[in-house]
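Peer 1: Protein chains in written order, with the numbering used here: chain L, 1 to 254; chain Z, 1 to 198.
Check before you lean on any hint, since a few could be wrong.
[To be verified] FRET-style restraints, in silico, Cβ to Cβ:
| hint | chain 1 | residue 1 | chain 2 | residue 2 | range |
| --- | --- | --- | --- | --- | --- |
| 1 | L | Asn89 | Z | Glu58 | 29 to 39 Å |
| 2 | L | Ser86 | Z | Lys182 | 39 to 49 Å |
| 3 | L | Lys114 | Z | Lys119 | 30 to 40 Å |
[Stated by the list, open to error] Pairs of lysine-lysine residues, derived as DSS-like cross-links and limited to a Cα-Cα distance of at most 25 Å, are as follows:
| hint | chain 1 | residue 1 | chain 2 | residue 2 |
| --- | --- | --- | --- | --- |
| 4 | L | Lys85 | Z | Lys132 |
| 5 | Z | Lys119 | L | Lys231 |
| 6 | Z | Lys181 | Z | Lys49 |
| 7 | L | Lys92 | Z | Lys132 |
| 8 | L | Lys85 | L | Lys227 |
| 9 | Z | Lys177 | L | Lys231 |
| 10 | L | Lys112 | L | Lys140 |
| 11 | L | Lys227 | Z | Lys132 |
| 12 | L | Lys227 | Z | Lys181 |
| 13 | Z | Lys83 | L | Lys231 |
| 14 | Z | Lys105 | L | Lys227 |
| 15 | L | Lys254 | Z | Lys132 |
| 16 | Z | Lys105 | L | Lys92 |
Because the hints were derived from the structure by calculation, they are not lab data.
Ideal placement from N, C-alpha and C gives every residue a C-beta, glycine not left out.
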Amino acid sequence: MKTLINHSHYKKFILSTMLLFSSGIFADNFNLDYEFSEEENWSDDTAVNSDPLESINRLVYQFNDFFYIRIFDPITNVYVNHTPKSVRNSFKNFFVNLKYPIRFISNAFQAKIKESYYESLKFGINSTVGILGINTPSDKFSFLNGIPDEDLGQVFASWGIPEGPFIMVPILGPSTLRDLPARIIAREINFIDVNSDNWDTVESEWIALLNTAEILSMNEEILPRYKSVRKASIDPYTALRSAYLQQRSQEIAK
Amino acid sequence: MNILKLSFLAFFFCLSNNLFATIDPSIQLKETSENVLNILYSNSQDTEKEIIEYLSKEYNLDIIIRRTLGRNWNKIEEGHRAKIVKLIKQLVLLAYLDGMSGKSKPEIEFSNTRYISAKRAEVPTTLYIDNKPIVLVYRLGLVQGKWEILDIVIENISIVITYRKQFDAFFTNNSSKDLVKKLETLLTDENLDQSLPL
Chain L
1 MKTLINHSHY KKFILSTMLL FSSGIFADNF NLDYEFSEEE NWSDDTAVNS DPLESINRLV
61 YQFNDFFYIR IFDPITNVYV NHTPKSVRNS FKNFFVNLKY PIRFISNAFQ AKIKESYYES
121 LKFGINSTVG ILGINTPSDK FSFLNGIPDE DLGQVFASWG IPEGPFIMVP ILGPSTLRDL
181 PARIIAREIN FIDVNSDNWD TVESEWIALL NTAEILSMNE EILPRYKSVR KASIDPYTAL
241 RSAYLQQRSQ EIAK
Chain Z
1 MNILKLSFLA FFFCLSNNLF ATIDPSIQLK ETSENVLNIL YSNSQDTEKE IIEYLSKEYN
61 LDIIIRRTLG RNWNKIEEGH RAKIVKLIKQ LVLLAYLDGM SGKSKPEIEF SNTRYISAKR
121 AEVPTTLYID NKPIVLVYRL GLVQGKWEIL DIVIENISIV ITYRKQFDAF FTNNSSKDLV
181 KKLETLLTDE NLDQSLPL
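So here's chain L without its partners, still in its complex pose:
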């Protein structure tokens, strides 16, 4: 046997085996210095988001940042530290429930009949059994969980209205030319919208109180995220813009 197989054959076998498999191994070699191929661009953001108002947006961002960190954050901290979690959760649930009309309309305008029906069912259960929405008994029904929060911006996108330029809105934060009117309309449809003509009435004081509570409830969720993005960013404005646009495009795609 030994005489039949020449050592040079072994060498050839080893070399060919190594060559065969090494080609497989190094085919997916990730060279840090090479230009990214199409596949390497897999998770790249190829879309060029329009920001012709960048200089103004950056100024508004600076104002907002001051407002969020110096005014909203301390107030929200007082709210979080002096209000029991169960009460804060009840507030949050109450305000989420109140936004039912906009979710229903947005689903209906996109012909999402099943989602519109589920939203109505959820609203009905939480408003009655859940006592004005402060509790969420609808959570017990798995089919009512995970309904995407639809808004009018998504409706406009589904109608083919382009995104338009990015806009940093004072106090409200990031938006686009398409999302901004959607937010204004949503505010009008809101059950607890402030009617400026009735500011001197007792009811309007309650409305103002509810609006304040709503802002506090929202900030409890949003501010920690904002601060976290801000802390780990080289350019917080660009980070915020990119995060907002990525999130919106995913919400619209769903």
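We have chain L already, so just place chain Z on it with the hints.
Peer 2: Relative to chain L, chain Z alone:
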């Protein structure tokens, strides 16, 4: 005879590399995530350092960092590259750990791995931080026969895209020296979340 043994060894070594590629990447990810959380919620003095050391053993973190820089890599002076990669690694980890921190140790739920192609996969996970669900998707790539993290998408926001956009903006008016300075400031200023850009 030795040559024959060697040839078999070489054959099995190469084969094992290819077989490794067929292993579900979520298995390693599950173990790594669990261990990262254990370190994060331990009483260790320097959790960040420990996590970086542990993660660096499990994954080649340079890949995700290099991806955040994209074509800006070419704008970085040779002498600054290693330092910048190290600093960004710390910063990205800071963002990642910040997202994972809660009052109590979060629970992680892993969904089935989605294979985009033979060399690309996504592992969707749901992180329950203080009972709040956060959707986190790991994008992985097969690099040199091993699954490596290419991107982490937290609530539809990609770490790679978000940082790359910032680097694109940064390098329009700044140099790599400025970036080193900026990153060092970001990582050392403990009161940064209270400082204002005004």
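Peer 1: Next step is simple, just say for each hint if it's right about the structure.
Peer 2: Hints, one by one, checked against the model:
Checked against the given bound of 29 to 39 Å, the beta carbons of asparagine 89/L and glutamate 58/Z, roughly 37 Å apart, stay inside it. Between serine 86/L and lysine 182/Z the beta carbons are some 43 Å apart, a value that agrees with the proposed interval 39 to 49 Å. For lysine 114/L and lysine 119/Z, the hinted distance range of 30 to 40 Å is satisfied, since their beta carbons lie about 37 Å from each other. The hinted pair formed by lysine 85/L and lysine 132/Z meets the criterion: a straight-line CA distance of about 13 Å does not exceed 25 Å.
At most 25 Å may separate the alpha-carbon atoms for a hinted pair to count; lysine 119/Z and lysine 231/L exceed this at roughly 34 Å. Annotation: proposed proximity of lysine 181/Z to lysine 49/Z holds, straight-line Cα distance about 21 Å (limit 25 Å). Of the pairs offered as hints, the one joining lysine 92/L and lysine 132/Z holds, with about 13 Å between alpha carbons and a cut-off of 25 Å not exceeded. Taking the CA atoms of lysine 85/L and lysine 227/L, the gap is near 21 Å; set against the 25 Å cutoff, the hint holds.
With a C-alpha separation of about 21 Å, the suggested pairing of lysine 177/Z with lysine 231/L holds against the 25 Å cut-off. Simply put, lysine 112/L and lysine 140/L have alpha-carbon atoms about 23 Å apart, close enough for the 25 Å limit, and the pair holds. The suggested pairing of lysine 227/L with lysine 132/Z holds, with an alpha-carbon distance near 18 Å, which does not exceed 25 Å. Proposed proximity of lysine 227/L and lysine 181/Z is supported: the alpha carbons are some 21 Å apart, at most 25 Å.
Taken as a hint, the lysine 83/Z and lysine 231/L pair is honoured in the structure, with Cα atoms around 20 Å apart against an allowance of 25 Å. Proposed proximity of lysine 105/Z and lysine 227/L is supported: the alpha carbons are some 21 Å apart, at most 25 Å. Pair hint lysine 254/L plus lysine 132/Z holds up; C-alpha atoms about 21 Å apart against a cutoff of 25 Å. Straight-line distance between C-alpha atoms of lysine 105/Z and lysine 92/L comes to about 24 Å, which keeps the hinted pair within the 25 Å bound.
Against the hints set out earlier in the document, a violation occurs for number 5 only.
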